[in-house]
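Participant: Chains as they are written, first to last, in my numbering: chain A, 1 to 116; chain B, 1 to 115.
These are calculated hints, taken from the structure and not from any lab test.
Wrong hints could be hidden among the right ones.
Selected chain B positions facing chain A (in silico; Cβ < 8 Å) [as the list claims (entries may be wrong)]: (1) 34; (2) 37; (3) 42; (4) 43; (5) 45; (6) 46; (7) 67; (8) 70; (9) 102; (10) 103; (11) 105; (12) 106.
Some chain A residues well away from chain B (every beta-carbon gap over 12 Å; in silico) [said to hold, decoys possible]: (13) 17; (14) 19; (15) 26; (16) 37; (17) 42; (18) 61; (19) 66; (20) 72; (21) 75; (22) 79; (23) 80; (24) 114.
25 Å max Cα-Cα, derived DSS-like pairs, lysine-lysine [as the list claims (entries may be wrong)]: (25) A/40 x A/53; (26) A/41 x B/102; (27) B/102 x A/38; (28) A/41 x B/77; (29) A/40 x B/68; (30) A/40 x B/77; (31) B/102 x A/53.
Quantities reported herein were computed from a predicted structural model and do not represent experimental measurements.
Cβ atoms here follow ideal geometry from the backbone N, Cα and C, with glycine treated the same way.
Listed below are the residues making up each chain.
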Amino acid sequence: DTEVTQTPKHLVMGMTNKKSLKCEQHMGHRAMYWYKQKAKKPPELMFVYSYEKLSINESVPSRFSPECPNSSLLNLHLHALQPEDSALYLCASSRWEMTSGDNEQFFGPGTRLTVL
Amino acid sequence: GNSVTQMEGPVTLSEEAFLTINCTYTATGYPSLFWYVQYPGEGLQLLLKATKADDKGSNKGFEATYRKETTSFHLEKGSVQVSDSAVYFCALRPPGYSSASKIIFGSGTRLSIRP
């Protein structure tokens, strides 16, 4: 299984709502990532988890709250978002090793989020 | 610092034409280099990769060679198909970090193939 799955595929929410995005992989990868992608732009890294611990937070506003409950799952909790947060949210996973090597990131299909 | 520069799009070609999408990079040492493809409405898929100088990555008829002397990783395909229409991202992973280090993406090149 070389797939990263994400749910939901589409999400529309108001600025006062609380919602969560979910990501799952069964490749045994111990690094998982959240990216945000605006239209016609490359993905921007938001968070990195390694061995279920947050290792990188790219100065993301606190209205985005990541969670890694186990080695296969990654969540992104959303609260009090702004319309400018509307984007495609991509999850990815990779092996985690202390030497650089042949460890590409596998991406999910994304959740297209619209904040009204 | 580390950066990736790829040719501006959109690129429009006729079916069976030869494709080149230029990509150059700036990095210290020997980064790993990647091409990712994003089809409309989908996430990113790894198209090919190269991890050391003179390596050639290839997949689905696409090729790219890691050129240290010109710091380039140009994407080529001999005969494109309509199904190749997508956005292509050149990317690098810096050396000297753990494998979960940041990937640096280029700005993306949109490719449209006319039947």
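Participant: Evaluate each hint against the coordinates.
Facilitator: These are the hints, each one checked on the structure:
Checking residue 34 of chain B against chain A by beta carbon gives a least distance of about 7 Å; that is within 8 Å, so the hint holds. The criterion of a C-beta within 8 Å of any C-beta in chain A is not met by residue 37 of chain B, whose closest approach is roughly 11 Å, and the hint is violated. The beta carbon of residue 42 of chain B is positioned within 8 Å of a beta carbon in chain A (closest approach about 5 Å), and the interface hint is therefore held. Annotation: interface hint on residue 43 of chain B holds; nearest CB of chain A at approximately 4 Å, less than 8 Å.
This hint holds: residue 45 of chain B has a C-beta 7 Å from the nearest C-beta of chain A, less than the 8 Å allowed. Interface hint at residue 46 of chain B: satisfied, since its Cβ lies 5 Å from the closest Cβ of chain A, which is below the 8 Å cut-off. Taking 8 Å as the C-beta contact cut-off toward chain A, the hint placing residue 67 of chain B at the interface is violated, the least distance being around 19 Å. The restraint placing residue 70 of chain B at the interface with chain A is violated, with a minimum CB-CB distance near 22 Å, outside the 8 Å limit.
Hint on residue 102 of chain B holds. Least Cβ distance to chain A is approximately 6 Å, under the 8 Å limit. Checking residue 103 of chain B against chain A: minimum C-beta separation of about 6 Å stays under 8 Å; hint holds. Evaluation of the residue 105 of chain B hint against chain A yields a held restraint, the C-beta minimum of about 4 Å falling below 8 Å. Checking residue 106 of chain B against chain A by beta carbon gives a least distance of about 7 Å; that is within 8 Å, so the hint holds.
With a cut of 12 Å on Cβ distances, residue 17 of chain A stays outside the contact zone with chain B, its closest approach being about 24 Å. The claim that residue 19 of chain A is not at the interface with chain B holds, since no C-beta of that chain comes within 12 Å of its own (minimum 19 Å). Against chain B, the non-interface label of residue 26 of chain A holds: every CB pair exceeds 12 Å, the least being about 17 Å. With a least CB separation of 9 Å from chain B, residue 37 of chain A falls inside the 12 Å interface cut-off, contrary to its annotation.
Distance check for residue 42 of chain A against chain B: the nearest CB is about 4 Å away, which does not clear 12 Å, and the non-interface claim fails. The Cβ of residue 61 of chain A lies farther than 12 Å from every Cβ of chain B, with a closest approach of about 19 Å, so its non-interface assignment holds. Against chain B, the non-interface label of residue 66 of chain A holds: every CB pair exceeds 12 Å, the least being about 14 Å. Consistency note on residue 72 of chain A: stated as away from chain B, and its beta-carbon is indeed over 12 Å from all of that chain's, at 16 Å minimum.
A cut-off of 12 Å between C-beta atoms confirms that residue 75 of chain A is not in contact with chain B; the least separation is 17 Å. The Cβ of residue 79 of chain A sits about 24 Å from the closest Cβ of chain B, beyond the 12 Å cut-off, so the non-interface label holds. Distance to chain B confirms residue 80 of chain A as a non-interface residue, since its nearest Cβ pair spans about 26 Å, more than 12 Å. The claim that residue 114 of chain A is not at the interface with chain B holds, since no C-beta of that chain comes within 12 Å of its own (minimum 14 Å).
A C-alpha spacing of about 31 Å is found between residue 40 of chain A and residue 53 of chain A, which places the hinted pair above 25 Å, so the restraint is violated. Taken as a hint, the residue 41 of chain A and residue 102 of chain B pair is honoured in the structure, with Cα atoms around 17 Å apart against an allowance of 25 Å. Taking the CA atoms of residue 102 of chain B and residue 38 of chain A, the gap is about 18 Å. The hint holds against a cut of 25 Å. Between residue 41 of chain A and residue 77 of chain B the CA atoms are separated by roughly 24 Å; this keeps the pair inside 25 Å, and the hint holds.
With a C-alpha separation of about 29 Å, the suggested pairing of residue 40 of chain A with residue 68 of chain B is violated against the 25 Å cut-off. For a cut-off of 25 Å, the pair hint linking residue 40 of chain A to residue 77 of chain B stands: about 23 Å separates their Cα positions. Taken as a hint, the residue 102 of chain B and residue 53 of chain A pair is honoured in the structure, with Cα atoms around 16 Å apart against an allowance of 25 Å.
The earlier numbered hints that this structure contradicts are 2, 7, 8, 16, 17, 25 and 29.
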